[in-house]
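Chemist: Each chain, written out:
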Amino acid sequence: MSWYALDDPNDPQLDDLAARFQLHPTHIEDCRSNNERLKAEGTDQYLFLILKYIRAVQEGDLIFANFFLFVGRDFLVTVRDTPDVSCEILQRAQRSGPDQPPSKLLYLILDSIVDSYFVSIDHSDDRIDDLQDSVLDNPSPAILQNLFDQKRKLIELRRVLVNLRDACMSLQRESGSIINPELYPFFRDVYDHSLRLLDMVETLRDLLNNTFDVYLSSVANRTNQVMKVLTILSTVALPALVISGIYGMNLKGLPFLESDHGTEIVVGAMVASTGMVLWMLKRFGWL
Amino acid sequence: MSWYALDDPNDPQLDDLAARFQLHPTHIEDCRSNNERLKAEGTDQYLFLILKYIRAVQEGDLIFANFFLFVGRDFLVTVRDTPDVSCEILQRAQRSGPDQPPSKLLYLILDSIVDSYFVSIDHSDDRIDDLQDSVLDNPSPAILQNLFDQKRKLIELRRVLVNLRDACMSLQRESGSIINPELYPFFRDVYDHSLRLLDMVETLRDLLNNTFDVYLSSVANRTNQVMKVLTILSTVALPALVISGIYGMNLKGLPFLESDHGTEIVVGAMVASTGMVLWMLKRFGWL
Amino acid sequence: MSWYALDDPNDPQLDDLAARFQLHPTHIEDCRSNNERLKAEGTDQYLFLILKYIRAVQEGDLIFANFFLFVGRDFLVTVRDTPDVSCEILQRAQRSGPDQPPSKLLYLILDSIVDSYFVSIDHSDDRIDDLQDSVLDNPSPAILQNLFDQKRKLIELRRVLVNLRDACMSLQRESGSIINPELYPFFRDVYDHSLRLLDMVETLRDLLNNTFDVYLSSVANRTNQVMKVLTILSTVALPALVISGIYGMNLKGLPFLESDHGTEIVVGAMVASTGMVLWMLKRFGWL
Amino acid sequence: MSWYALDDPNDPQLDDLAARFQLHPTHIEDCRSNNERLKAEGTDQYLFLILKYIRAVQEGDLIFANFFLFVGRDFLVTVRDTPDVSCEILQRAQRSGPDQPPSKLLYLILDSIVDSYFVSIDHSDDRIDDLQDSVLDNPSPAILQNLFDQKRKLIELRRVLVNLRDACMSLQRESGSIINPELYPFFRDVYDHSLRLLDMVETLRDLLNNTFDVYLSSVANRTNQVMKVLTILSTVALPALVISGIYGMNLKGLPFLESDHGTEIVVGAMVASTGMVLWMLKRFGWL
Amino acid sequence: MSWYALDDPNDPQLDDLAARFQLHPTHIEDCRSNNERLKAEGTDQYLFLILKYIRAVQEGDLIFANFFLFVGRDFLVTVRDTPDVSCEILQRAQRSGPDQPPSKLLYLILDSIVDSYFVSIDHSDDRIDDLQDSVLDNPSPAILQNLFDQKRKLIELRRVLVNLRDACMSLQRESGSIINPELYPFFRDVYDHSLRLLDMVETLRDLLNNTFDVYLSSVANRTNQVMKVLTILSTVALPALVISGIYGMNLKGLPFLESDHGTEIVVGAMVASTGMVLWMLKRFGWL
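Chains as they are written, first to last, in the working numbering: chain A, 781 to 1067; chain B, 781 to 1067; chain C, 781 to 1067; chain D, 781 to 1067; chain E, 781 to 1067.
In short, the hints are calculated from the structure, not lab data. Warning: the hint list may mix true and false statements.
Calculated pairs, DSS-like style, for lysine-lysine (alpha carbon to alpha carbon, straight line, at most 27 Å) [said to hold, decoys possible]:
#	chain 1	residue 1	chain 2	residue 2
1	E	Lys884	E	Lys819
2	B	Lys1008	E	Lys1062
3	D	Lys1032	C	Lys884
Distance ranges between label pairs, derived from CB positions [unchecked claim]:
#	chain 1	residue 1	chain 2	residue 2	range
4	A	Asp879	B	Phe898	49 to 59 Å
5	A	Val899	E	Ser1053	52 to 62 Å
6	A	Ala836	B	Thr862	17 to 27 Å
Just so it is clear, CB atoms sit at the ideal spot from N, CA and C, and this is done for glycine as well.
Use the sequences and the hints to build the structure in full.
Modeler: Here it is as structure tokens:
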């Protein structure tokens, strides 16, 4: 078995390999265009896979890297499009020795990729738990920003994982002679893991939507509270203002103007009218 | 028939059993990784199931425990991953006696698990009923918190039940020789129950969303009410304040300043203008 | 043909019938547990159906009653679980005479049940029409409560009807010898009616969501209106208050203090400044 | 070929035709009940179709009329349930002459009905365009009412069109001898048109939801603007009111009371404090 | 091979070609009606395709143009319905030379159309990124307008792309002799690209909905902030106004009226009561 590991899709060696192993021109083109969808498809001679793994997380955004595989009966061509990073995805396959059949190496690579997604989703899960705790206490715009960043990450992740699941399913159905039959249960296991990844992403999306609803209703609640405070303050102040305004007028004939207890009576009237308005608000269930 | 009941997936006895009954390495690995999806799948020799049951409810969160089964023609291996709790799930199977076929025991265990979910959902149902009653009366943040906790529980529950239903369906389709044909109607019954569980969870989710909408509109309504109170208070007070302000000015030539009935006239004007503003608001349908 | 009509699932006669006609234990258990899903399933010897009909509407909630049927080639067993009400569902079947084949009676019972749902949905339709009319005029919390009660009813109804449709479909596919082939078009008709029921429930749900959106936007609109009134009132009053406050100060040197036309000038300034603020608000499109 | 065009489903002639052409009783019953779903189904002898067309648009509501067809090898029975209107749906079929095969007439009638839906949808499209333009400029309740009327119309239309599409699809699959094989491309064309109708309705629904979101956010925006105006007004007025209130007190020892420039100083302090509050609001990004 | 490129569907040459190549009348009618859906369908003799490409973007709206193809074994008829623009869609096919089989030309045209959609979606992607950045900083109505324009564009684009995907899928399934078998992988590639286009549109729609939610919650947040400012301002001012109102009354017996330190005491009381209200608001967590 021979394994050709290329670090650059534009490497002319890929053309040589394409000629030698009769790789289809559309597949070579797929490697070189950078706008491709994760997929797995087969010809009689080989399987072609486009895989994606999370290369880095930059300011909350997931940076995906493409990974192309041509898996034949006795050859394996792997093409990476981001040669600058050390690739943990390949380590398990590299360690397992060169005498393995190509489909065993394919399984090891797929399984490493799926495992890397679990790490990423667990990380998201922790972040969302933190967000949920802080949203009810303090619904600030910074949390909102964070919440939407997580949401965008999940939108992207879901799209990639849906395609990964489809690719795993089409590998399972692959009745060709390329995948060793005794590896079927392993590929089925990878497929189950891809389903579980999607389950987890869906659950996280539901939880995030949940959190967003909590945020919105917390803000609505707070606006409501603030409005009530304003109303109570106005209620307390207005009767006093009206009565003191009346007694501030330069008019004759206001009652108690000349009385020695005028102040006590009028201030008492202020307190009484304020109390009455508060009592009315309470009675009609407004406060 | 021999039944091996292990309390720990890492028990070396599991390796011995795997060797004796030719259990597939991916299944043994599934038992030992704790990130697996509920499922049922079969080989020619045995059925492998990953089941989940609700071990405990901690502060509103559901704690699931995994339960692994290997069901062969004449052997049954059950593996629990949380040995510290007494397991009611197994009691019915244990009581039915050791001379039952493994698939009969499988049915009894599955049925016990499904029944335990019914208990949990009925409990949720009661909580949601209580929430619905209190939301319209008093939409407080504490109720909101409660509401979202229920929602999260249902999200988790739904995910597990979808997988349970799929597992029950794949058991039904199992044409192998492991499940006794005369048990088919019983497995179909379990499948029907899993469908009903999902129905109930979906209905509860709809009701919770309903309740959340009630909450949001109650808060909006209350804000609206508070705003109206504030507006009415301002309307009542402002004309009086403006008129008393004018008569408080140290200017000459204000009408009725020297009149003996000045107070009556001016206060009457205050009341009249307040009444007029209220009448205008009413007429334009604003209050 | 013999028809056994039981009024209580716990009637011991059911056990006798089960023994005589070889009814499956899971089906007998289904009759006696009260947590079952509407369904239709067949064995070689008979069809077993769980049906639900609306027994009563209590304070807006639908109360369903279960109805179990065992339809054989020459026998019919019907079991009701709420014997206290007279059952209109059975009347058409009872009137059609005892010499009908069991599957004909099954059709008559099914058709009566489907018709009873049409009555219930038409009733809901009228209620929703009323709600829609009143929501725009007067979005009160009482209407909201009513709206959500209707919504809950539709959620329940939909769940039952989905299962009814599935049961009708599985009856259609029933290739066994129990249903008389010349009755096929009749069962197809019942199936079409169940589809139409679901259509109607979906339409009503869409209309209710529509009505809820109208409610929410009406409340938002009213809040907006109330805010504007408050702002206009404040705008009208504030310049007057500020100016009268200034002229109420016990300071020397205020212009026009000694003038005979001071009052006219200052009140004119109040009116002018109020007008100017209103004009500014209008110009910037705020009011 | 003979064409029987009845104007009333209760016409006794329908019973005669049913006897002569062996029309199934459930189909005759379908014609006479007015609660049926649009559908197409076939027996060996004839095709039975229930079609719906838009009879009129009354105050924004679509009034549908039913149209029943029995299409045999050498006969056509058409039944209308609203005889009072002239039926443009039939005109093309009537003009094509009596010597056409029944399935050709069926095609012409179906095509006329589909075309009439295109007219109705184009009309809705124009209305929605108008709504979208006016919503951002002036989000009034009248527009809201209009918007929800359109939404209700689309809900109804969609339900009918889904059934129309299903009927067209079942006609295409009709392998019987009733539809002339050379008409297949024409029926496929009608099916394509029904798909396009559904596409258009879905797009219009998306656009309407879009418009509703614009409405809601416009109202929220305006409330926000009004609140800001109120806050600015209060900010401008409050410092002046507080200071003038203080200098209106009948107390001794207020500074500048006896000064000749007291007025200038105190009014200057009012302006300065108002400016300071505005500057603070600006600095904290609140306005 | 002969290629007939018509610039106008009403060109009488189309009728000649229809007669010569036995093109079906419904297809010719499809070319001439302008209300058709993108599709691909085949007869024994030729494939008929209706394609759409983006002719122009006018004020944010996508203007689609139709493009009709008849692909036979040895002929190709292309019909454009907007002859006024130079058509880049055809350039690759024109350059590839006249000796290519018609299905190769079909592939080249399809691929050009798919590529043109990628350009359009990338453009939308950039716009949505810009929107997302500006929404949190400054949620203005202009951004809202922009956001909804993008949404409408995606709704239209999605509808067209769904049909494009279906057409590509039906081309793949085309087992006829018109498409050269060795071109199958190329058509599969085009199909994959159409799937990826839909993926991208779905992701963009999710992101736009996300952005809209950010907008709504930013506005709610700002309203909340403005309300708080208003409440703080009122809180600061009201105690001072009430106390100064009381000391402005023309009553006898107010304490400190005759004191030399009256002003200091009363103003001190104002400051103290304002501070107390603020402290209370803070303590109850309202501010």
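Chemist: Work down the list of hints and note, for each, if the structure agrees.
Modeler: Now the hints, each set against the structure:
| no. | hint | result |
| --- | --- | --- |
| 1 | E:Lys884 <-> E:Lys819 | holds (19 Å) |
| 2 | B:Lys1008 <-> E:Lys1062 | holds (25 Å) |
| 3 | D:Lys1032 <-> C:Lys884 | violated (104 Å) |
| 4 | A:Asp879 <-> B:Phe898: 49 to 59 Å | holds (54 Å) |
| 5 | A:Val899 <-> E:Ser1053: 52 to 62 Å | holds (58 Å) |
| 6 | A:Ala836 <-> B:Thr862: 17 to 27 Å | violated (37 Å) |
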